[in-house]
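These protein sequence lines map, in sequence, to chains P and A. At position 113 of the first sequence (counting the first as 1) the number is 112 in numbering that gives the first Met the number 0, and the numbers step up by one without a gap. At position 225 of the second sequence (counting the first as 1) the number is 224 in numbering that gives the first Met the number 0, and the numbers step up by one without a gap.
Hints in this document: simulated from the structure, not taken from any laboratory. We treat Cβ as the ideally placed atom computed from N, Cα and C, and that holds for glycine. Among the hints, a few may not be true.
Selected chain A positions facing chain P (Cβ under 8 Å, derived; list incomplete) [as the list claims (entries may be wrong)]:
1. Ile33
2. Lys56
3. Ala79
4. Phe135
5. Thr202
Derived pair list, reagent style EDC-like, types lysine to aspartate or glutamate, alpha-carbon separation capped at 20 Å [claimed, not checked]:
6. P:Lys38 to P:Asp91
7. A:Lys432 to A:Glu372
8. P:Lys54 to A:Glu326
9. A:Lys203 to A:Asp28
10. P:Lys81 to P:Asp21
11. A:Lys432 to A:Asp370
12. A:Lys432 to A:Asp406
13. P:Lys81 to A:Asp28
14. P:Lys149 to P:Asp136
15. P:Lys149 to A:Asp370
16. P:Lys60 to P:Glu148
17. A:Lys56 to P:Asp136
18. P:Lys81 to P:Asp131
19. A:Lys56 to A:Glu8
20. P:Lys60 to P:Asp74
21. P:Lys81 to P:Asp57
22. P:Lys60 to A:Glu326
23. P:Lys54 to A:Asp133
24. A:Lys56 to P:Asp7
25. P:Lys149 to P:Asp7
26. P:Lys38 to P:Asp7
27. A:Lys56 to P:Asp21
28. A:Lys432 to A:Glu402
29. A:Lys56 to A:Asp97
Now for the letters of each chain:
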Amino acid sequence: MIPQPVFDLLQTGVSVIVGTRDSTLMPESTRAWGIRVGKNRHSVTIFLTEAISRKTIDNLKENGLVAISCTRPTDHVACQLKGRVRTIRPADRRDRERSSDWHREFVEELVAIGVPADLCEAWITSPALAIDIDVTDVFHQTPGPGAGEKV
Amino acid sequence: MENRLTQLEELWPCFQGIIPAALSTCSQDGTPNITFISQIHYVNPTHVAISHQFFNKTHRNVRENPLACAMMLDPRTLQAHRIYLRYQHSESSGPLFDSMSLQLQAIASHAGMTDVFRLRAADVYEVVRIERVDGFTRLPPAIPADRPSRLFVDQDLEFLRLLSERIHRADLLGDLLETTLRLLDDLFGFRHSMILLVDERNTKLFTIASRGYPENGVGSEVGIGEGLIGTVARARRALQLSAIDHSLRYARAVRDRAEAGGGADAVCREIPLPGLSSAAGQIAVPLLTRGRLIGVLAVESAEPLAFMAREDTLLTIVASHLGGCIEQLSRDTEESPQGTLARPQSSRAFTAPSRSRSFCFFPQDDCVFVDGEYLIRNVPGRILWRLLTRHRDEGRTEFSNRELRMDSWLGLPEIKDNLECRLILLRKRMEQKCPDIRLVPRGRGRFALETDVTIALSERDT
Chain P
0 MIPQPVFDLL QTGVSVIVGT RDSTLMPEST RAWGIRVGKN RHSVTIFLTE
50 AISRKTIDNL KENGLVAISC TRPTDHVACQ LKGRVRTIRP ADRRDRERSS
100 DWHREFVEEL VAIGVPADLC EAWITSPALA IDIDVTDVFH QTPGPGAGEK
150 V
Chain A
0 MENRLTQLEE LWPCFQGIIP AALSTCSQDG TPNITFISQI HYVNPTHVAI
50 SHQFFNKTHR NVRENPLACA MMLDPRTLQA HRIYLRYQHS ESSGPLFDSM
100 SLQLQAIASH AGMTDVFRLR AADVYEVVRI ERVDGFTRLP PAIPADRPSR
150 LFVDQDLEFL RLLSERIHRA DLLGDLLETT LRLLDDLFGF RHSMILLVDE
200 RNTKLFTIAS RGYPENGVGS EVGIGEGLIG TVARARRALQ LSAIDHSLRY
250 ARAVRDRAEA GGGADAVCRE IPLPGLSSAA GQIAVPLLTR GRLIGVLAVE
300 SAEPLAFMAR EDTLLTIVAS HLGGCIEQLS RDTEESPQGT LARPQSSRAF
350 TAPSRSRSFC FFPQDDCVFV DGEYLIRNVP GRILWRLLTR HRDEGRTEFS
400 NRELRMDSWL GLPEIKDNLE CRLILLRKRM EQKCPDIRLV PRGRGRFALE
450 TDVTIALSER DT
């Protein structure tokens, strides 16, 4: 279950990066365009565009294993979720609204640390796939002592 | 996905630590891991290095399975690139480690985290493949030909030659310092710069000259080992920092975690960055002469990408000339023939003073106030008081470094080369706080006290 502090963090404009691997154990990194915590707090949904995440999606179809790191840019508060993919589907209206809300909040975070808004608004965040993931582990990832400990 | 092979050098903006990189690894049992890396360091066209401090899972994973994938963003466009990596080895000493460690120490020192925030190792990775991530942004890619051309380097060499000739021509220490900073600005665009010299006890650096700041800051002090400048003084090696805002925020995040975890004893007071409040890039270079540290030359910019290897190299060359010139002029100060020194007294000295300045001396700490405002203390304070009392008691206006050196009341240190520096410091403080009383150089080793006002002197115990 995703604990309250992590749940609260994931409601903000966090930077969402996604790690997977293929059958040769070659890792792959990509960015997700937002994250939503499931109602039961045992799952999350992330949004990936095929153009930049083709290999990630292949890996997810192949073995389902995923690591997701979420960091708030203004203070580096971060967590890592590990889990297994349940479904890969086209994003629906509710997903698109969540991704759009997240993008707005993420841009606000980045602007606050000096990134020009027009640069982050130029990111191509749709059309996206919605990836539903069952979360198996949650880790602290704020840099410093304690990073990497299980929540 | 990509229409041509990208060279690692072309990704130079991604290696400045302005935007953290996403690094994914995988354990032997197949569990993926991903984390942000504050900075990926360029080593050579086929290798990069990643600092090992807290990222223990990454550290463990690559020792089980050496494969890794980093996603980096170009800070100019936020265009993404992936670099596929293979962990090769770890370095805990040597030039690469020293360079990464020094950078980390400077950031840690700024955030008061010296004991918590340290480099354990520099992990070196071979770059297996580079991929531009198309479909990431609507913006066009940045123009790749941003690296200095050969013609550009030639112009730098030409300017270095000019600067070298000009500073070697200076025959007064004050002129040397001003000329150097002015030429760094005019020729190379270093708008914000300062020169600090080591004090007699080798524990502090004091600012002797600056350019491009609202307050000249002359007389301000930095402890050896404190901040970027103090770190460079202690290490005696040049250091360049980019993305200071990001790095400090990162360091503060570490400190907050350490404090929350009960490690508050390891955290000392944060040292404020000297100079520009909006500094995003800094370079500090030690001034050395025959292996002895005499000071630090530092520049700052509000632009995060203003300083690269080129600027680092330029400043190191300038610093080596400057260090030698400072030592030479300090040594020569009392060796000029007497005949070249005397000059006519300024006509301003003969104008009838209509206003007055009131100086007060506190012998307890050799501190001088002017019109109730702090002016200067310690050795320069004593020197000023000696000059003012001689002026009052004997009507003296001309003075020599030699007589100050012989004056036992001043108690000047054995090391000869700091007297001229103290006089420059005093002159600049007076320019700032009481410009109507001036110490005017009269050639090497001599100077005049010029005043447009009536001077009143008093002494107080406390």
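Provide an ascending list of the numbers of those earlier hints which the structure does not satisfy.
5, 8, 9, 12, 15, 16, 19, 20, 22, 24, 28 and 29
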